[in-house]
Amino acid sequence: MKISLIGAVAVSLIASGAFAEEVLPTAVAYTDGSVEQSLSGTSGDAANGRQIVGDKKQGNCVACHEVADLADVPFQGEIGPALDGAADRWSEAELRGIVANAKMMFEDSMMPSFYKTEGFIRPGNAYTGEAADDTFGPLLSAQQIEDVVAYLSTLKE
Amino acid sequence: MKNFTGAILATLLTTTFAVAEPVDDNLVLNEETEMVTRTAAPAHVSDALDEVMSGWLFRGTETRAMQADDFDNPGMIFVEQAQDTWVTADGSEGKSCSSCHDDMDSMAGVKATYPKWNEEAGEVRTLQMQVNACRTERMGAEAWKYDKGDAINMEAALSSVSRGLPVNVAIDGPAQSMWEKGKELYYTRTGQLELSCANCHEDNYGNMIRADHLSQGQINGFPVYRLKNTKLNGAHSRFKGCIRDTRAETYKPGSEEFIALELYVASRGNGLSVEGPSIRN
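Here the protein sequences come in this chain order: Z and H.
Counting from 1, one number per residue, gives the positions in the first sequence under this note's numbering.
Counting from 1, one number per residue, gives the positions in the second sequence under this note's numbering.
None of these hints come from the bench; they were simulated from the model.
Since this is a predicted model, take the numbers as computed values, not measurements.
The beta-carbon is built from N, C-alpha and C at its ideal position, and this holds for glycine as well.
Fair warning: there could be bad hints in the mix.
As the list claims (entries may be wrong) - Ranges of calculated distance between the beta carbons of each label pair, as one might list FRET restraints: (1) Z:D72 to H:P74: 31 to 37 Å; (2) Z:D72 to H:H101: 57 to 63 Å; (3) H:G241 to Z:D84: 31 to 37 Å; (4) H:Q176 to Z:K156: 52 to 58 Å; (5) H:E34 to Z:T154: 37 to 43 Å; (6) Z:A82 to H:Q176: 39 to 45 Å.
Model the full assembly from the supplied sequences, consistent with the hints where possible.
This is the structure in structure tokens:
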């Protein structure tokens, strides 16, 4: 009885996604810069995260960071530290906090806040140079953050 | 195909082995004019930088060579066009620039001091604003569009006759409040990426940001001829592009904000040689 009930709940969770509580960018709880809870309510997909980190149109993390695992992606930047071994240095919760809003972990960091929607000066509409309109959202979605965190968690030396 | 692969390889190599340093090289224009491409930072930026460096030092070997010889510098074609404009009458008064001034060479040294305070008008003027004031007030001609065709060509021509002279922009007296405003803009982290000019050009010059080798963002070499769009580009247009890249709402070329920013950024290069028109990728 008990087992099948849990099973039913799990099935409906997967089917509807309605119970997968998404944390809004304005409601993320940071503790010393880290975030314990999954932002999307589900776990991340490391393979997709790898894609996001290297893609100019998504995370574009390689604009500033080198990642040896992404050797196929040309033109990696040298603004921030290389991400190799990031999972040895940081826990999953810390990595989530850094990607969502690095300024919580590193004061005045140059790293953009990928899961934030408020507090900008002259926010624009992507790279058009025009003012932001009502399509304005965080740089990465909750699930994309989780995917990136899942990928970073594989970067061990 | 072979060339193509070579080019890619070359870029890849520079990317991989890029060191956090500009090249060690000297710019001698037309084998005669020694240019100052690095010098001690002026007092008003010495808290942030020891040395100021021309963007020329951050470009590749071929781009640097193109700028060293006027015959190889495609920007000089536009300078020649402006030399013609200089002597061509325009507007209701039937005057040309040369009706009031001598030849273009008489303008040597002018570019080095702009933007600068204009007492009569009670405003800080960029060189393009001054040219437009001559056109509208003295020639009865229409103002040229900011950073566009005739305006940017004329700025390049005026710059070309000042090459080798040190940038020497005044930041005190009545210009000071505009300078302060420019400084504030320089350090403001704009847009969704929350990046200031200083984040890239003060804290990270010499570093690669994706495929770009960051310079100090100096404007002693402006206007610049860009191989990318094969025309002259003004400082305000460059500012606009950089601000757009922070995912911000930009300001417009010719705006009060960009006049202030031009004054401030120019002053960070006091002591560097005027280089415009220079070459960029």
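Evaluation of the provided hints:
1. Z:D72 to H:P74: 31 to 37 Å: 35 Å, holds
2. Z:D72 to H:H101: 57 to 63 Å: 58 Å, holds
3. H:G241 to Z:D84: 31 to 37 Å: 32 Å, holds
4. H:Q176 to Z:K156: 52 to 58 Å: 55 Å, holds
5. H:E34 to Z:T154: 37 to 43 Å: 54 Å Cβ-Cβ, so the 37 to 43 Å window is violated.
6. Z:A82 to H:Q176: 39 to 45 Å: Since the Cβ atoms of A82 (chain Z) and Q176 (chain H) sit about 43 Å apart, the hinted range of 39 to 45 Å holds.
Violated hints amount to a single one, hint 5; each of the other numbered hints is respected by the structure.
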